[in-house]
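So you can see what is in the structure, the chains are spelled out below.
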Amino acid sequence: MDMMISNLAQQRQVTEQLRREAAIKRISVSQAVQDIMKFITEHEQEDCLLVGFSSQKANPFREKSTCTVL
Amino acid sequence: MRRSSVDASIMAADAQKKGQDAKLEETCGSMGDAPKVRLVTKKLLKGHINKVNSVHFSGDSRHCVTGSLDGKLIIWDTWTGNKVQVIPLRSSWVMSVAFAPSGNFVACGGMDNMCTVYDLNNRDNTGAAKIVRELAGYEGFLSSCRFLDDTHIITGSGDMKICHWDLEKGKKTMEFNAHAGDVVTMSLSPGEGEQGHGNVYVTGSVDRTCKIWDIREEKAKQTFFGHESDVNSVIFHPSGQAFATGSEDKTARLFDLRADQQLALYTPPNKTSGFTSCALSKSGRFIMCGSDDHSIHIWDSMKNQHNGTLGGHENRITSICLAGNGMALASCSWDQNVRVWV
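Protein sequence lines, in the order shown, are assigned to chains B and E. Following full-length UniProt numbering, the numbering of the first sequence begins with 1 at its first residue and continues without gaps. Following full-length UniProt numbering, the numbering of the second sequence begins with 1 at its first residue and continues without gaps.
If you're looking for bench data, these hints aren't it; they were derived computationally from the structure. All of these numbers come straight from a predicted model, not from anything done at the bench. One or more of the hints may lead you astray.
To be verified - Simulated pairs of lysine-lysine, DSS-like, Cα-Cα distance not exceeding 25 Å:
| # | chain 1 | residue 1 | chain 2 | residue 2 |
| --- | --- | --- | --- | --- |
| 1 | E | Lys-23 | E | Lys-271 |
| 2 | B | Lys-64 | E | Lys-46 |
| 3 | E | Lys-46 | B | Lys-25 |
| 4 | E | Lys-83 | E | Lys-130 |
| 5 | B | Lys-57 | E | Lys-42 |
| 6 | E | Lys-18 | E | Lys-303 |
| 7 | E | Lys-161 | E | Lys-83 |
| 8 | E | Lys-271 | B | Lys-25 |
| 9 | B | Lys-25 | E | Lys-18 |
| 10 | E | Lys-51 | E | Lys-36 |
| 11 | E | Lys-130 | B | Lys-38 |
| 12 | E | Lys-23 | B | Lys-38 |
| 13 | E | Lys-219 | E | Lys-172 |
| 14 | E | Lys-43 | B | Lys-64 |
| 15 | E | Lys-219 | E | Lys-161 |
| 16 | B | Lys-64 | E | Lys-42 |
| 17 | E | Lys-43 | B | Lys-57 |
| 18 | E | Lys-171 | E | Lys-250 |
| 19 | E | Lys-18 | E | Lys-51 |
| 20 | E | Lys-303 | B | Lys-38 |
| 21 | E | Lys-221 | E | Lys-36 |
| 22 | E | Lys-17 | E | Lys-303 |
| 23 | E | Lys-23 | E | Lys-51 |
| 24 | B | Lys-38 | E | Lys-17 |
| 25 | B | Lys-38 | E | Lys-42 |
| 26 | E | Lys-83 | B | Lys-64 |
| 27 | E | Lys-83 | E | Lys-42 |
| 28 | E | Lys-171 | E | Lys-219 |
| 29 | E | Lys-83 | E | Lys-36 |
| 30 | B | Lys-57 | E | Lys-161 |
| 31 | B | Lys-25 | E | Lys-169 |
| 32 | E | Lys-221 | E | Lys-17 |
| 33 | E | Lys-303 | E | Lys-271 |
| 34 | E | Lys-171 | E | Lys-36 |
| 35 | E | Lys-83 | B | Lys-57 |
| 36 | E | Lys-221 | E | Lys-169 |
| 37 | B | Lys-25 | E | Lys-23 |
| 38 | E | Lys-17 | E | Lys-43 |
| 39 | E | Lys-36 | E | Lys-271 |
| 40 | E | Lys-221 | E | Lys-18 |
Sequences and hints are given; from them, build the entire structure.
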């Protein structure tokens with residue numbers, strides 16, 4: 001935390017900011033991780049990198065075959 | 001005075017230590033292993049004739065904009081690989097680009113110390129998108145910008161500040177000192193409904209910290225320590241509860257807002273190069289980082305396992321961006337190419 005404090009007013013502001021940030025309510029790491037795990041599990045099906053495309057038609061990047069008009 | 005600021009820091013560090021009741025890898029023991037991510041270059045977008053520095057997807061998950069030192073912005077249709085628009089810039093020193101979620105505007109800036117906004121639906125007689133705003137007054141390079149919507153943009157710059165602009169009025173609505181070093185990256189929290197984003201955003205800086213901000217306020221909400229060198233890239237977790245980072249210190253990390261601390265540290269098998277950019281998959285399960293070593297590294301964010309490496313680029317990767325629908329990853333590099341991985 002190297003900050004160049006040039007005068008008292010600035011130092012006061014920095015201290016107040018540090019106090020504000022120190023005073024917030026925190027949850028435990030285990031709770032935070034569990035909540036994220038829950039989110040991931042709930043949204044698994046939306047994640048193409050996890051479940052892939054449901055069918056090739058759902059993939060807009062696929063090569064489209066040429067169509068002939070009869 | 002110095003004593004009370006030290007006390008406050010100690011108070012915060014103690015509270016964080018108390019919260020460390022578990023390690024991420026252990027808590028996720030019950031999760032199944034993640035499958036190997038299968039991503040290949042589906043489109044190799046050629047067109048730029050110099051290093052490409054930044055890429056960003058539109059809200060339609062189909063178009064993306066890239067900015068290059070060749071002095072051009074190119075709007076690509078990633079589904080076909082076609083160039084939709086080429087915008088010549090007044091300054092070729094572009095470092096950062098942004099696509100408005102609506103798809104109507106793009107913004108860019110860099111060593112010209114300005115942020116320029118272009119209207120993609122309004123072209124001049126040469127066919128190039130018209131400039132709607134030139135946002136000046138920066139005392140440092142423009143390193144990052146993000147549209148809140150079609151009329152509001154926030155920027156981070158080399159003068160260590162964050163600025164909020166009203167694009168309709170062309171006026172700065174907020175300007176404040178943000179970090180103790182260049183602000184180099186920012187990410188908006190995900191949101192519901194029309195707005196598309198929440199009221200919170202995260203910034204990363206050369207001062208090695210990340211900070212959380214409320215878009216309505218000028219003082220940071222939280223500061224995150226841990227990185228040992230420049231934080232080059234930040235990206236919000238889709239849950240809105242966390243964010244991931246990529247750093248010059250050759251690590252990627254996951255920080256949680258409510259625990260107010262780092263949850264995980266990710267390193268590649270050969271820890272040789274810094275990370276320039278990062279992205280998270282749609283569920284948040286995978287974290288991806290673009291690297292100086294020309295590849296994109298992928299990790300299972302929960303089990304902290306390196307999942308794979310995407311090779312192809314022939315030089316440093318400068319920026320990566322996941323489409324909003326999670327289907328494709330765009331990457332750009334000093335090798336002048338843009339790749340779309342699907």
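Hints, one by one, checked against the model:
1. This hinted pair checks out: Lys-23(E) and Lys-271(E) have alpha carbons roughly 22 Å apart, not beyond 25 Å.
2. Taken as a hint, the Lys-64(B) and Lys-46(E) pair is honoured in the structure, with Cα atoms around 20 Å apart against an allowance of 25 Å.
3. Taking the CA atoms of Lys-46(E) and Lys-25(B), the gap is about 50 Å. The hint is violated against a cut of 25 Å.
4. Our distance criterion of 25 Å between C-alpha atoms is met by Lys-83(E) and Lys-130(E), whose separation comes to about 17 Å.
5. Proximity of Lys-57(B) to Lys-42(E) is assessed by CA-CA distance (about 16 Å); at most 25 Å being required, the pair is judged to hold.
6. For the suggested pair Lys-18(E) and Lys-303(E), the alpha carbons sit about 23 Å apart, so the restraint of at most 25 Å is met.
7. For the given pair, Lys-161(E) sits about 34 Å from Lys-83(E) by alpha-carbon distance, which is inconsistent with the 25 Å threshold.
8. In summary, the hint linking Lys-271(E) to Lys-25(B) is not supported, as the alpha carbons are separated by about 35 Å, beyond the 25 Å threshold.
9. Among the hinted pairs, Lys-25(B) with Lys-18(E) is consistent with the structure: their alpha-carbon atoms are about 12 Å apart, no more than 25 Å.
10. A C-alpha spacing of about 31 Å is found between Lys-51(E) and Lys-36(E), which places the hinted pair above 25 Å, so the restraint is violated.
11. Between Lys-130(E) and Lys-38(B) the alpha-carbon distance is near 46 Å, which puts this suggested pair outside the 25 Å criterion.
12. For a cut-off of 25 Å, the pair hint linking Lys-23(E) to Lys-38(B) stands: about 16 Å separates their Cα positions.
13. For a cut-off of 25 Å, the pair hint linking Lys-219(E) to Lys-172(E) stands: about 17 Å separates their Cα positions.
14. The suggested pairing of Lys-43(E) with Lys-64(B) holds, with an alpha-carbon distance near 13 Å, which does not exceed 25 Å.
15. For a cut-off of 25 Å, the pair hint linking Lys-219(E) to Lys-161(E) stands: about 12 Å separates their Cα positions.
16. Between Lys-64(B) and Lys-42(E) the CA atoms are separated by roughly 13 Å; this keeps the pair inside 25 Å, and the hint holds.
17. Taking the CA atoms of Lys-43(E) and Lys-57(B), the gap is about 18 Å. The hint holds against a cut of 25 Å.
18. Restraint check for Lys-171(E) and Lys-250(E): not satisfied, since their Cα atoms lie roughly 39 Å apart, outside the 25 Å limit.
19. For the given pair, Lys-18(E) sits about 46 Å from Lys-51(E) by alpha-carbon distance, which is inconsistent with the 25 Å threshold.
20. For the given pair, Lys-303(E) sits about 14 Å from Lys-38(B) by alpha-carbon distance, which is consistent with the 25 Å threshold.
21. Pair hint Lys-221(E) plus Lys-36(E) does not hold up; C-alpha atoms about 37 Å apart against a cutoff of 25 Å.
22. Proximity of Lys-17(E) to Lys-303(E) is assessed by CA-CA distance (about 22 Å); at most 25 Å being required, the pair is judged to hold.
23. The suggested pairing of Lys-23(E) with Lys-51(E) is violated, with an alpha-carbon distance near 40 Å, which exceeds 25 Å.
24. Note on Lys-38(B) and Lys-17(E): the hinted pairing holds, with a Cα-Cα distance of about 24 Å set against a maximum of 25 Å.
25. Simply put, Lys-38(B) and Lys-42(E) have alpha-carbon atoms about 32 Å apart, too far for the 25 Å limit, and the pair is violated.
26. A C-alpha spacing of about 18 Å is found between Lys-83(E) and Lys-64(B), which places the hinted pair at or below 25 Å, so the restraint holds.
27. As the CA atoms of Lys-83(E) and Lys-42(E) are separated by approximately 16 Å, the hinted pair is consistent with the 25 Å bound.
28. As the CA atoms of Lys-171(E) and Lys-219(E) are separated by approximately 20 Å, the hinted pair is consistent with the 25 Å bound.
29. Proximity of Lys-83(E) to Lys-36(E) is assessed by CA-CA distance (about 32 Å); at most 25 Å being required, the pair is judged violated.
30. Between the alpha carbons of Lys-57(B) and Lys-161(E) the distance comes to roughly 46 Å, so the proposed pair goes past 25 Å and is violated.
31. Using a Cα cut-off of 25 Å, the hinted pair Lys-25(B) and Lys-169(E) is violated, with the two alpha carbons roughly 38 Å apart.
32. In summary, the hint linking Lys-221(E) to Lys-17(E) is supported, as the alpha carbons are separated by about 19 Å, within the 25 Å threshold.
33. As the CA atoms of Lys-303(E) and Lys-271(E) are separated by approximately 19 Å, the hinted pair is consistent with the 25 Å bound.
34. A distance of roughly 48 Å separates the Cα atoms of Lys-171(E) and Lys-36(E); the hinted pair therefore is violated under the 25 Å criterion.
35. For a cut-off of 25 Å, the pair hint linking Lys-83(E) to Lys-57(B) stands: about 24 Å separates their Cα positions.
36. For the hint linking Lys-221(E) to Lys-169(E), the alpha-carbon distance of about 28 Å lies beyond 25 Å, and the restraint is violated.
37. A hinted pair counts as satisfied when its Cα atoms are at most 25 Å apart, and Lys-25(B) with Lys-23(E) qualifies at roughly 20 Å.
38. Between the alpha carbons of Lys-17(E) and Lys-43(E) the distance comes to roughly 46 Å, so the proposed pair goes past 25 Å and is violated.
39. Between Lys-36(E) and Lys-271(E) the alpha-carbon distance is near 21 Å, which keeps this suggested pair within the 25 Å criterion.
40. At most 25 Å may separate the alpha-carbon atoms for a hinted pair to count; Lys-221(E) and Lys-18(E) meet this at roughly 20 Å.
Consistency with the previously given hints fails for numbers 3, 7, 8, 10, 11, 18, 19, 21, 23, 25, 29, 30, 31, 34, 36 and 38, ordered from lowest to highest.
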